[in-house]
Each structure stands twice: as C-alpha cells, then as structure tokens.
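There are 2 protein chains.
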Amino acid sequence: MPVLVMKFGGTSVANTDRIRRVAKRVGVEVAKGYDVIVIVSAMSGTTNQLVGWVDEISPLYDAREYDAVVSSGENVTAGLMALTLQEMDIPARSWQGWQVPLRTNSSHSAARIEDIPPDNITAKFAEGMRVAVVAGFQGISPEGRITTLGRGGSDTTAVAFAAAFGAERCDIYTDVDGVYTTDPRIASKARKLDRIAFEEMLELASLGAKVLQTRSVELAMRYNVKLRVLSSFEDQGDEAGTLVCAEEEIMESRIVSGIAYSREEAKMTLVSVADRPGIAAAIFGPLAEAGVNVDMIVQNIAEGGRTDMTFSCPTDQVRRAEKALTAAKDAGEINYHDLLADTDVAKVSAVGIGMRSQSGVAARMFQTLRDEGINIKVIATSEIKISVLIDRKYMELAVQALHDAFDLDKAA
Amino acid sequence: MPVLVMKFGGTSVANTDRIRRVAKRVGVEVAKGYDVIVIVSAMSGTTNQLVGWVDEISPLYDAREYDAVVSSGENVTAGLMALTLQEMDIPARSWQGWQVPLRTNSSHSAARIEDIPPDNITAKFAEGMRVAVVAGFQGISPEGRITTLGRGGSDTTAVAFAAAFGAERCDIYTDVDGVYTTDPRIASKARKLDRIAFEEMLELASLGAKVLQTRSVELAMRYNVKLRVLSSFEDQGDEAGTLVCAEEEIMESRIVSGIAYSREEAKMTLVSVADRPGIAAAIFGPLAEAGVNVDMIVQNIAEGGRTDMTFSCPTDQVRRAEKALTAAKDAGEINYHDLLADTDVAKVSAVGIGMRSQSGVAARMFQTLRDEGINIKVIATSEIKISVLIDRKYMELAVQALHDAFDLDKAA
Numbered sequence: 038m039p040v041l042v043m044k045f046g047g048t049s050v051a052n053t054d055r056i057r058r059v060a061k062r063v064g065v066e067v068a069k070g071y072d073v074i075v076i077v078s079a080m081s082g083t084t085n086q087l088v089g090w091v092d093e094i095s096p097l098y099d100a101r102e103y104d105a106v107v108s109s110g111e112n113v114t115a116g117l118m119a120l121t122l123q124e125m126d127i128p129a130r131s132w133q134g135w136q137v138p139l140r141t142n143s144s145h146s147a148a149r150i151e152d153i154p155p156d157n158i159t160a161k162f163a164e165g166m167r168v169a170v171v172a173g174f175q176g177i178s179p180e181g182r183i184t185t186l187g188r189g190g191s192d193t194t195a196v197a198f199a200a201a202f203g204a205e206r207c208d209i210y211t212d213v214d215g216v217y218t219t220d221p222r223i224a225s226k227a228r229k230l231d232r233i234a235f236e237e238m239l240e241l242a243s244l245g246a247k248v249l250q251t252r253s254v255e256l257a258m259r260y261n262v263k264l265r266v267l268s269s270f271e272d273q274g275d276e277a278g279t280l281v282c283a284e285e286e287i288m289e290s291r292i293v294s295g296i297a298y299s300r301e302e303a304k305m306t307l308v309s310v311a312d313r314p315g316i317a318a319a320i321f322g323p324l325a326e327a328g329v330n331v332d333m334i335v336q337n338i339a340e341g342g343r344t345d346m347t348f349s350c351p352t353d354q355v356r357r358a359e360k361a362l363t364a365a366k367d368a369g370e371i372n373y374h375d376l377l378a379d380t381d382v383a384k385v386s387a388v389g390i391g392m393r394s395q396s397g398v399a400a401r402m403f404q405t406l407r408d409e410g411i412n413i414k415v416i417a418t419s420e421i422k423i424s425v426l427i428d429r430k431y432m433e434l435a436v437q438a439l440h441d442a443f444d445l446d447k448a449a
Numbered sequence: 038m039p040v041l042v043m044k045f046g047g048t049s050v051a052n053t054d055r056i057r058r059v060a061k062r063v064g065v066e067v068a069k070g071y072d073v074i075v076i077v078s079a080m081s082g083t084t085n086q087l088v089g090w091v092d093e094i095s096p097l098y099d100a101r102e103y104d105a106v107v108s109s110g111e112n113v114t115a116g117l118m119a120l121t122l123q124e125m126d127i128p129a130r131s132w133q134g135w136q137v138p139l140r141t142n143s144s145h146s147a148a149r150i151e152d153i154p155p156d157n158i159t160a161k162f163a164e165g166m167r168v169a170v171v172a173g174f175q176g177i178s179p180e181g182r183i184t185t186l187g188r189g190g191s192d193t194t195a196v197a198f199a200a201a202f203g204a205e206r207c208d209i210y211t212d213v214d215g216v217y218t219t220d221p222r223i224a225s226k227a228r229k230l231d232r233i234a235f236e237e238m239l240e241l242a243s244l245g246a247k248v249l250q251t252r253s254v255e256l257a258m259r260y261n262v263k264l265r266v267l268s269s270f271e272d273q274g275d276e277a278g279t280l281v282c283a284e285e286e287i288m289e290s291r292i293v294s295g296i297a298y299s300r301e302e303a304k305m306t307l308v309s310v311a312d313r314p315g316i317a318a319a320i321f322g323p324l325a326e327a328g329v330n331v332d333m334i335v336q337n338i339a340e341g342g343r344t345d346m347t348f349s350c351p352t353d354q355v356r357r358a359e360k361a362l363t364a365a366k367d368a369g370e371i372n373y374h375d376l377l378a379d380t381d382v383a384k385v386s387a388v389g390i391g392m393r394s395q396s397g398v399a400a401r402m403f404q405t406l407r408d409e410g411i412n413i414k415v416i417a418t419s420e421i422k423i424s425v426l427i428d429r430k431y432m433e434l435a436v437q438a439l440h441d442a443f444d445l446d447k448a449a
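Quick mapping for you: the protein sequence lines, in order, are chains A and B.
The first sequence begins at 38 in the working numbering and counts up one residue at a time.
The second sequence begins at 38 in the working numbering and counts up one residue at a time.
Take the hints with a grain of salt, since some may be wrong.
Residues from chain B that face chain A, not an exhaustive set, calculated with beta carbons under 10 Å [said to hold, decoys possible]:
hint: 1; residue: Asp-104
hint: 2; residue: Ala-105
hint: 3; residue: Ser-109
hint: 4; residue: Thr-114
hint: 5; residue: Gln-123
hint: 6; residue: Gly-165
hint: 7; residue: Ala-317
hint: 8; residue: Phe-321
hint: 9; residue: Leu-324
hint: 10; residue: Ala-325
hint: 11; residue: His-374
hint: 12; residue: Leu-377
Computed spacing ranges between beta-carbons, pair by pair [to be verified]:
hint: 13; chain 1: B; residue 1: Lys-360; chain 2: A; residue 2: Ala-163; range: 41 to 49 Å
hint: 14; chain 1: A; residue 1: Asn-142; chain 2: B; residue 2: Arg-222; range: 51 to 59 Å
hint: 15; chain 1: B; residue 1: Gly-165; chain 2: A; residue 2: Met-125; range: 45 to 53 Å
hint: 16; chain 1: B; residue 1: Gly-89; chain 2: A; residue 2: Ser-394; range: 57 to 65 Å
Worth flagging that the hints you see were computed from the coordinates, not collected in a lab.
This one's a predicted model, so the numbers in the text were calculated from it and none came from an experiment.
Every residue, glycine too, gets a C-beta built ideally from N, C-alpha and C.
Make the full structure from the sequences, and use the hints.
Shown next as structure tokens:
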C-alpha cells in the first residue's frame, strides 16, 4: 500500500481532545488506503518546561543529558496518539527514535540523520498495522545515546521518513493553513499559494515566513519529497494547504510568488575604506569570527583609492559587529574614516523562480517603490530573489505596493 | 570500589532544588569511596498526569503504549540528576531502562525483571564514572518494547540493581525516616526501629505500613540485599533510618517488633453451612474467581452437621463477595441460612520474628485486649504474626494498649 507521512506540531497535539481531532484526520487517510507514518511533536509547552529545568540546573549542560531529557515529550505524544488510534479501531503502535532506529551522528542537540532502516516498520505494515506513530525530533547515536535534531526537528524527521519509505507525500499539519504570497497581517490581499517550489520556499522561510524548518525543505528538495503544509484546525480536502514541490510540477509558473520582509535588519556602512585587494576578507573575516550573520553586501565605486562598504545584519548583532570592526581597526588590519549603523531599516524581497527566465522584474520592483516615494538604500539580488533595504516606516507600504504590482492577489 | 545503590522517590526529586539536595547526599557517598548507582522515580505528580491522559483517551488501553507513556517521567529525572551531579564535578551519566538493558518479561505494566547485565555500567565505572543514574520503574521486553514494573516499581528496580552489582547496601530515600513500631499518628509513643527482619517487614508492609513495595522486600530477602529506609529530607548519619535485613543480623531479638492495623477490613459470615468435605473449596473457589482477597478464615465447630464460616476481606470487596456467594447458592453449589456482613471492624496485628521461639505472645495479646474491654471477633495466626478483628471504634485503643504491653516504646 502507498505510504503517507503526516506530521503534527505541538499546538496540534496540545491536549487529548486535540490528539483525538488529528487522529480523525489520520483515519481519513487510512480509509483512503494509505499506510500512514505519523510524526508527532511534544504537547505544546512541554519541551519549554524540560529545557527550563535543564537551564535551572546547568547553564553549560552536557548535551547528551540535555537530549535524554528534552526528547521525552515526544515519547508521551507518540504513545497517546497510538492509543487514540487504537480506540478508533485503527491498528497502530508507537516508536521512539531508538526503536526505529533513526540513526544520527553524535552531534547532540543538533544531530544529522544518517539512516532510517525501514525494515521494522515495513514488517509491521505487512502484518496489518496501519499507522506507525513516531516520536519526532529524536534519534540514537552510534554510542547508543539519545540525540535530538534541534528545535523544529520534527519537520526534518517527517521529511526523512518520507524519503526513507518512498512516501507519496509528506503532510505537515501546523497552525497556519498554508504558505501565503505575503503576510496577511500586512497585506489584506495576501493569497494562499496552491504550490510553491522548494527554492522559493527556502528563500521565503529564511526571510521570515516561518512555516517550515529550513532544513526540512532542503532535505525534501534533495530527495524530491512532496511536502504539503496545511492547518490541523480546519477540515481539509485533498487540495488544501500549499504543496512545496519541484519547480517542474508547478504548471502556473509566475514571475514572483511572494513578497517577504524582515524588520530585524540593520544597515552598517564603513565610510572611506582603503580600496585594496583583500579588503573584503579583512572586513568580513572578523565579522564571521564574531558570529555576525552578514546578509547583503554592497561596495560602492572607489574614488581616490577609497570606497564605502555597506552591509546588513540582524539588528541585535550591531553591537557585536561594531566591536569586531573597531578591534580590527585598532589592530591595524583595516582602516576606515567612520562606522555608521542604521537600525531603522527593513528588508523587503520579491521571490520567484519565474525571474530566471523573465527580465524586467527588478525594474518593475524599483519603479513601484519609486512611485510610492520610497528610497532604496541597498539592493541585493540572487537568481530567484531581489531584496532591498528601505526605511522601516515604509515597510508595510512597500509590501502592499509590490504585492499589487506583481498581481499576487490574483490566481495564476 | 564498593557499589552503593541509592533510590529517591518522587517527592525527593519533585523540583530542581530537591534534586540538588539529594545530589549532595549522593556526593557524600561518592566522597566515601563508593561507586554509586542512583535509581530515580518521576518527579511527584508527573506519573499521575501521564496516567490521567491515558485514562482520558482509552479506558481499556494497550498496556504496551501505556508503558511507553508513563515511563517517560523517570527519564526526565534521570537526565536532570546526572546534570546536577556533573555540575558538582562528579562524573555521572543517565541510563534509561533499555540502555542498561534492564530486561523484563512481556507482562506490560506489571513486568518481572529477568536480567540486568552489569557490563555496560561496570565498564563506565572502570573509566572513572562515579555515579550511574538509572531511570526506575522501567525495562525492555524481549520484543524491544518498553515495560514498566507496576506502581512503586522503582523500589524493586533499586533492589534488583543492588543484587546484580553485589552492592554493599541499597538505601531507599523516602518521605519518612524509617520503619516505626506502629503508626505515630495513633500511638504517640511509637519508636523508629533501627533494624527489622525481611519477614517482619513483609508482614508490616502488607498490613498497611506503606513504606516499601512488598515485591522489593521479597526480592531483597531472596538475594539477601541489605535495605535501608531513610528520609531524604533530613541530614543522615550512617546509622540513620531503618535497616531491613536477614534476621541473623538482628542482635537485639525482640518478641514483637511492631503493631500493624487496617481499617479497610470487613467480616463476613455464612451462617449454618452444611458441613461436608469440600465445602471450603466450594465457598472460596467462587470468591477467588470473583477477585475477592480473602484474608482471615475461621470455621466454627460443627453442630448437627452444620457450621458457621467466617472470613475477612477488604471493605470495598464486600458487594462482590455477596454477589459471588449468592450466585453459588443459587447454582446449588453451596447452602447456607444467612450471609452476614460486618463492615464496622478493624484488624490489629502484632508482628515479630521472636514469636517463633517465645510462647505466650498470643495469651498476652488477648489478655491486654480483655483488660481494655475489647471483644475479639476473629483470630488468625501465622508463625510471626497474630491478627485479630475487633470493633473499629476500639482500634486506636487496641494499638496503643498492645504497643505498651509489648514494651515497644522502649529500646530493645
């Protein structure tokens, strides 16, 4: 029988009533003839409580013990879900990570999945079991210790199971009903996308549309797992939610699929830097060492052997960036006249795989912003994304205007 | 290095402060040179919450899933305890049941321990680890599923580890500071015993002095594990608490060690039963099948071919007993004139290994009760115990009078 993977997050399994509700959703897929692998998170709040206890005891904890503690929430949900399904006369059983086994490396608290041998679960499906409920977020190391995959790791667990079992699809049930063209709280015309390409999802996710863990999308792209994001709080048809898939499967290719934004960007400028070979390395080396996540970088045309270097980074890393650059200057490694930080900016990006084959996207974006009187401070582009830094006060206006300009309120 | 097993119950590890407190106790034993195996229960309240969720979902649950759910509380405590010890610079790590492995049979929720191979933990001790923190109450079945040992199973886990590792002693830390000659709430002169024999402890435990799980005492007796019961809330010297041990190790052999009682006993009498061979089997067979725990049994002298049969059972099983006996009468299997139930009785017992070699104990007990004007309704004796059923209103008086009569307020 075809295999379907269904993943339920913490709010979807927050109490026994909600567990019963999502178990009914699982029952619908079983009735369609699927053998279902359900991946569950801990009941919402549980993991935070466990992490809180560890923090109370030991600020610099042993990650092996941390993993043993924080993985326990998922075990509870897995057992409760299996019991609920059994009550509905659906043959089900729970599996903890070590029982599958979901094998990982030994990087505790941020482990990478190495192998999921499907034999045990497949044998149970052959015996008539219809649902394998698997505790998400956890695995077992070569040393036989419990590992965890990092926060949000249950999405990654789900995609890895879908790949290992050749599942027809991996449905991620969450508290939103799909991926939107932009944030509906900012642009009321925002529309749910039926489909989105993996690459677009990666750009949107890292830009702030927090629906899926980035790692799970990367994994889905690598193994070509069809991912569907949908709400566990609404009745769902077969076409509900948003399908994240390879771009070949998206018929209605549109130029721009979504407008992303981030308020948490700051613009920093080194004024009048000596323009010499290796200067970029001399600036961004110390920043990387200091753990500053530099995003956009712009170097102006040099005049008189000096140039201005501008970059963006998260607002809360500005102090760290200033410290690293000042130290590099004091050490004589770099030389600049002034260091300016502008934390009153926002980043707005247009994302779409259609850009690859369509010219004029950047021009339309810049013209739209100009028509609204919005000044662009920094521009950065990739193959499927154009980002600009603008004054933060214009952010909502820019998102709305671009959403209109690219006709995102209209079905493709 | 000699091995010591220390077990901490749920109230002793109820929060991170209490875990820190008991970790200090562990540190004291490590400093003395012991390799310590710590057995932990779930933080108090946790297991009840987990059981509550299972009950909400499924009244007739799959015991395998029940075990997977309810065992998770101990895993949390084990990890937190290991972290706390590490913070104190004591090399420690946690072990879940399947990691040891603590092998059990497949009787989920009431599993019997079959084997605890000491190799893994011993190897870690050899490498310099000083404390193995083991999640109590749980094991792994031959099928690789998680099992639990039944309520209070952490005591049994502790004793089994002490036997498997040839531990010098098994210290059970709990919320009382030892075993008393009787309930101090009833007799203010009740005195803590320094030592008590396994056999006495078994009689006292099953009679209501709920300090140790009966099974753990049986196991300790079979493997001759020295058990010490002591409080985790008081500073403890080497001679604190009560040592439960073989009777050979008790120098100051006294005739009676303790007075136990139970309010939850009912007396039932079948009036005028036909006195024929096999009548006892015909009466107590159906009661056993109905799950009635018959305790004391008295058969009066037969007159005219008929006799009265009296027995005691827990108060909450009276209805069940009546139903079983009425059905047996209706089926023509037994015949009696009347069935009387007296739920207004209590059982009081004197327990002591010294009775074996001393005569006159029963006489002194009966005389003491007579002097207080207390009528005895039923008497039952074993090698080390004399029990009587009396009117419940005299229970406290009987306990106090017997405590005095056997000089239990005085050190042996």
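Here is how each hint holds up against the structure:
{"no.": "1", "hint": "Asp-104", "in the structure": "8 Å, holds"}
{"no.": "2", "hint": "Ala-105", "in the structure": "4 Å, holds"}
{"no.": "3", "hint": "Ser-109", "in the structure": "4 Å, holds"}
{"no.": "4", "hint": "Thr-114", "in the structure": "9 Å, holds"}
{"no.": "5", "hint": "Gln-123", "in the structure": "6 Å, holds"}
{"no.": "6", "hint": "Gly-165", "in the structure": "15 Å, violated"}
{"no.": "7", "hint": "Ala-317", "in the structure": "43 Å, violated"}
{"no.": "8", "hint": "Phe-321", "in the structure": "37 Å, violated"}
{"no.": "9", "hint": "Leu-324", "in the structure": "34 Å, violated"}
{"no.": "10", "hint": "Ala-325", "in the structure": "31 Å, violated"}
{"no.": "11", "hint": "His-374", "in the structure": "48 Å, violated"}
{"no.": "12", "hint": "Leu-377", "in the structure": "43 Å, violated"}
{"no.": "13", "hint": "Lys-360(B) x Ala-163(A): 41 to 49 Å", "in the structure": "46 Å, holds"}
{"no.": "14", "hint": "Asn-142(A) x Arg-222(B): 51 to 59 Å", "in the structure": "57 Å, holds"}
{"no.": "15", "hint": "Gly-165(B) x Met-125(A): 45 to 53 Å", "in the structure": "51 Å, holds"}
{"no.": "16", "hint": "Gly-89(B) x Ser-394(A): 57 to 65 Å", "in the structure": "59 Å, holds"}
This entry does not satisfy hints 6, 7, 8, 9, 10, 11 and 12, going by the numbered hints stated previously.
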